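Could you build all of it, start to finish, from the sequences and the hints given here?
Those protein sequence lines, which keep their order, are chains A and B. Numbering-wise, the first sequence is residues 7 to 354 according to the numbering used here. Numbering-wise, the second sequence is residues 7 to 354 according to the numbering used here.
Don't take each hint at face value.
Identical chains blur together in the list; that is why a pair holds if it fits in one copy or across any two.
To be verified - No farther apart than 25 Å at their CA atoms in a straight line, the calculated lysine to aspartate or glutamate pairs in the DMTMM-like style are these: (1) K140 - E95; (2) K140 - E174; (3) K93 - D180; (4) K312 - D55; (5) K339 - D171; (6) K93 - E236; (7) K216 - E63; (8) K214 - D326; (9) K298 - E94; (10) K312 - E251; (11) K312 - D171.
No wet-lab data here; the hints were simulated from the structure. It should be emphasised that the depicted structure is a prediction, and the values quoted were computed from it without experimental measurement.
Number of protein chains: 2
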Amino acid sequence: MTLDARKEHILLAIIQDYITTAEPVGSRTIARKYKLGVSPATIRNEMADLEEMGYIEQPHTSAGRIPSDRGYRYYVDNLMKRQELSKEEEKLVLDSYLTKVQDVGQVLRRTGQLLSRITNYTAVVFTAHYGKTKFKHINLVYMSSGQCMVVVVTDAGSVHYRIIDIPESIGPADLETISAVLNRKLQGQSMENIKLTLIKEIYFELAKQKHILNMAMDLIRDSLAVETEEKIYLGGVFNILNQPEFHNVEKVKTLLSLLEQEQELANIMVDVFQVEGVTARIGEEITNERMKDCSVVMAGYRAGGKPLGGIGLIGPTRMDYARAFAVVEYMTKNLSLVMERLLCGRNR
Amino acid sequence: MTLDARKEHILLAIIQDYITTAEPVGSRTIARKYKLGVSPATIRNEMADLEEMGYIEQPHTSAGRIPSDRGYRYYVDNLMKRQELSKEEEKLVLDSYLTKVQDVGQVLRRTGQLLSRITNYTAVVFTAHYGKTKFKHINLVYMSSGQCMVVVVTDAGSVHYRIIDIPESIGPADLETISAVLNRKLQGQSMENIKLTLIKEIYFELAKQKHILNMAMDLIRDSLAVETEEKIYLGGVFNILNQPEFHNVEKVKTLLSLLEQEQELANIMVDVFQVEGVTARIGEEITNERMKDCSVVMAGYRAGGKPLGGIGLIGPTRMDYARAFAVVEYMTKNLSLVMERLLCGRNR
DNA sequence: TGTTAGCACTCTCATGCATTGAGTGCTAAC
DNA sequence: GTTAGCACTCAATGCATGAGAGTGCTAACA
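Structure, rendered in structure tokens:
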């Protein structure tokens, strides 16, 4: 299962060359560019072996070789050299997170943008919302006669709001009363715990404002429900257009149509984000026909020991794995810190 | 400047045919498909005239004719038949707005999605935030020891929030006090009015909580500032990939790179949204090199008589203007109603 | 004077064919 | 085990050719 040193060398050369040029690479090129101290003929023999073993393949007889999914896998597992980000890049990331303490959604969106800008690949950021979200706070804000805004805050750190019509007779003071009662009764409850008895209590206490109460409870229910769904943020979707393998519009369409479907994307990432460290899924390892020419490099981020979601980079199977690994690793580390700070209290 | 009936007929035939087939249309085709009662030769003569006048052009000698920007303009201004949406489509729109009263951002996002789904073009929704936004309400929500969430509501109906660190010594009651003071002092003020004297007053009253106050004021400032910016929502960006004129990746890239730049997009729409009714900008009429092969059909939406922004459809110059006009008109009408309801109090 | 048929002309596109060049696999010699 | 040499394969390129679509022009017709 493991290759001898020279074969490894040759495989490495093929992969590195193919990653940068996107052209099949022949024995001559390797002999010339990567000094192995042997002639093209020798390399040809080794390449024939590598092909037989399934690490490389030939698009057609008279072309050079290109790495197979299996070849990339071997590279990622055994040959790839650890890379670090440059100081400037690290600074870019840190700055982006430091500028202002943002809400969760904004942080994740920014993470996606940053990831794609640094790497020129397409970035996916995904939140899993592990476990149940709890109700934290509600606020009924009087806006004008006949209208108020309901604001609900959940303990996952997100805010939901909605504007509702109210009877003209209701004033700011009434709204405060309702807010107070709801906050007192529902504080810290998850969806499941908001049982009928509890609701009855509230309705009893606020019998007069049944209409408003309905609307407010609606929003609370929706807010807690939405939180348990996965959410996906994309960044730099158009970057894939720069990859030569996507110069044909049909391929672009297939991939984009997939990216539009959040659920499918979530499926691809969901089994990995709880694993420690950076993972790659290469070509057909991804159980999705439409991504068979792509790879994903991804890792989970967490806060307070709890996995929260994952970030990933999507590129052609020919992508620069070493760099992708470095970036994803650095970003998850920092994202985890930021999330920790946002959700679980200060960190420094 | 105006054409005789037969020339109009021929121009109309060319445009209609080209819109559906995307192929240059020749004299024979017109004679066969659109019964004008004259021979191809006659049509050829007329076409030569139309070409001289600049309404149509020839990609190359032995091809048929295609409409020029000027031709489309004539069509839109003089020949286009008013269209209506089908009952199902109208229902789709209404349902989408009725399902739930949402916040402004959500409504606009949904509008974009809907527009693109109905038409298969790319949709742009743009908010101008005319005039000054005023502060409406602030709320400091205690989250955990050392952390609270600041929620700011503006009178434009949007909510901004941020999580901040606070001294451990601060409890929920302190936060309520601060909220109360801020609400009392700042209610209904626009950014300009929040002058130094006012701020001094507040700081005097809440001298102890200087740190929190700083953070809260920061958010208020940001919220009011953001509101005055334009915002752009896109829908169905990938729809352009279905247009045959975008089967070449370079063109897609140029257009997408433009769509990514909100500012440029805003410039294209900004001079139109205050005008009554639906407007088209065809090809080179758009003062942007990168959109010379595209057209935009757009109209403004408003609430309480105030123009708020615009919605538009982007397609190739060969787009189906009649349909685009119908959809944009219907959507603006409905969007205006919804916005009216959201921002200015109930409408029905 | 406007309309039409006929015809030569132009240009694109698809097809076929020969050429070139990159790259291989095999064999025999080192 | 390594290498040089050579025949072979195949994609890509360039070129010629023919078909097809469409035009513009001319001359005849109503």
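Check K140 against E95 for me: Cα-Cα at most 25 Å, and say if that holds within a copy, between copies, both or neither.
The answer is neither: 37 Å in one copy and 39 Å across copies each exceed 25 Å.
When Cα atoms must be at most 25 Å apart, do K312 and D171 count as within-copy, between-copy, both, or neither?
between (40 Å within a copy, 21 Å between copies)
Could you place K312 and D55 in one of the four classes (within, between, both, neither) given a Cα distance threshold of 25 Å?
Neither: 46 Å inside a copy, 74 Å across copies.
Check K93 against D180 for me: Cα-Cα at most 25 Å, and say if that holds within a copy, between copies, both or neither.
Neither. Shortest intra-copy (56 Å) and inter-copy (43 Å) distances fail the 25 Å Cα cut-off.
When no copy is specified for K339 and D171, does a C-alpha distance of 25 Å or less occur within a copy, between copies, both, or neither?
between (45 Å within a copy, 21 Å between copies)
Alpha-carbon proximity context of K312 and E251, limit 25 Å
neither (38 Å within a copy, 49 Å between copies)
For K93 and E236, with the copy left unspecified, which applies at a CA distance of at most 25 Å: within, between, both, or neither?
Neither, since 33 Å and 35 Å both go past 25 Å.
Measure nothing new, just compare the shortest in-copy and cross-copy C-alpha distances for K214 and D326 to 25 Å and report within, between, both or neither.
neither (64 Å within a copy, 54 Å between copies)
Could you place K140 and E174 in one of the four classes (within, between, both, neither) given a Cα distance threshold of 25 Å?
between (32 Å within a copy, 22 Å between copies)
Alpha-carbon proximity context of K298 and E94, limit 25 Å:
neither (34 Å within a copy, 38 Å between copies)
Checking an output row: K216 and E63, CA cutoff 25 Å. Within, between, both or neither?
This pair counts as neither: shortest intra-copy Cα distance 70 Å, inter-copy 67 Å.
Consistency with the previously given hints fails for numbers 1, 3, 4, 6, 7, 8, 9 and 10, ordered from lowest to highest.
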